[in-house]
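*Asks:* Under my numbering, the first residue of the sequence shown carries the number 13, and numbering increases by one thereafter.
No lab work stands behind these hints: they were computed from the structure. Keep in mind that a hint or two might mislead.
As the list claims (entries may be wrong) - Straight-line alpha carbon distances no greater than 20 Å define the calculated EDC-like cross-link-like pairs of lysine to aspartate or glutamate that follow: (1) K299 - D336; (2) K201 - E227; (3) K299 - D163; (4) K299 - D84; (5) K81 - D252; (6) K299 - D252; (7) K265 - D252.
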Amino acid sequence: MVSSPPALTLKRSPGSKAMELLNDTPFVLGRAVIFDKNGAENLIVALKATYSISEDGTITVAEKQAPMKPVDEFTGEPDASSIEHESELGPTKLATDVFLKGSALAPRRGTTYVEVGLRVGPVRESAAVFGNRWWLNSVGVPSISAPESFDAIPLTWENAFGGTDLSPENPNHHGHEPRNPVGRGFRVKHSSAPWENEPLPNIERPQALMGSLGEGGVPVGFGPIGRNWDPRVRYVGTYDQKWIDERSPLLPKDFDERFHSAAPPSLLVPGFLEGGEPVEVTGCTRKGWLGFSLPRLELECPVLVDGTMEEPELKLNSVTVDTDLMELHLLWKADLRVHGKLLRVSNIGCRARGLDS
13 MVSSPPALTL KRSPGSKAME LLNDTPFVLG RAVIFDKNGA ENLIVALKAT
63 YSISEDGTIT VAEKQAPMKP VDEFTGEPDA SSIEHESELG PTKLATDVFL
113 KGSALAPRRG TTYVEVGLRV GPVRESAAVF GNRWWLNSVG VPSISAPESF
163 DAIPLTWENA FGGTDLSPEN PNHHGHEPRN PVGRGFRVKH SSAPWENEPL
213 PNIERPQALM GSLGEGGVPV GFGPIGRNWD PRVRYVGTYD QKWIDERSPL
263 LPKDFDERFH SAAPPSLLVP GFLEGGEPVE VTGCTRKGWL GFSLPRLELE
313 CPVLVDGTME EPELKLNSVT VDTDLMELHL LWKADLRVHG KLLRVSNIGC
363 RARGLDS
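All chains, full assembly: derive it from the sequences and hints.
*Replies:* Here it is as structure tokens:
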């Protein structure tokens, strides 16, 4: 247990700069200014906590705190790969995103299949993870090879069912899996891509395994979904000639704030997690199971604006369990409208009471 820090006193000292950060937590405090859909200035305050996770499920505040991610980071080229780390200084979310970053680990030599599962509070997801497989030619009929044994398979969208098929000569017949355009295994109806010896996805939904070429297969994953993937792209709004003539460069009026949620639908919490919720991970550690509870913190976020103390509420925007690093990352964010007062924001503080370790 870490004792509570002393109360914050927000005073702008002589020569201090506007929006000075006063952080009385062991975590990383950041801030950004964004414009909302109507062009108003909003102050975003973000607090990122990193906890170390032991094999027995004990969590402690990490000695080295992970830095804030100001922009999206990708596994490869931005237009052709998945998001590895989502921007943490963007707009606040309407609910808590839950992510699992890591690998499916074989519990013993010769393992060809592992079931991976994640549960955090009320949300859960599972996936069937196979060793490498290929399409075989059995007298002209596609068949699936036996899976190879493996030690570790990264839980990336690239290893899951999905993909893009540009093989048809007619561009009108090109297509992609809108829920995961960077995966593997997807084919359009008129595909002319070779299939013999082509790899199958390692990660599949247990209830919808691929059975034949061009049939079956449902994307399943545990990381952030792309901003132009389904379902996020449904919420981006309408960018037509009317928007160009009447509203650009502001967001369209039908922009939906749900766009900011990056978790797969199954891992999007209805509302916000508050701490204390149970966490269970299967298939991502050598023991096969990992369990603990989210830490429960009481956070305060005083902001001095034009001599007046404002206290926007910090809400848990994302939970990331990283079993490769054996770390837990928590991100709280608060949103304060400061339109017309931005240059009069003096200090931004954060404190934590009853800090659990």
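*Asks:* Which numbered conditions among the earlier hints are violated in the structure presented, ordered from lowest to highest?
*Replies:* Hints 4, 5, 6 not satisfied by this model.
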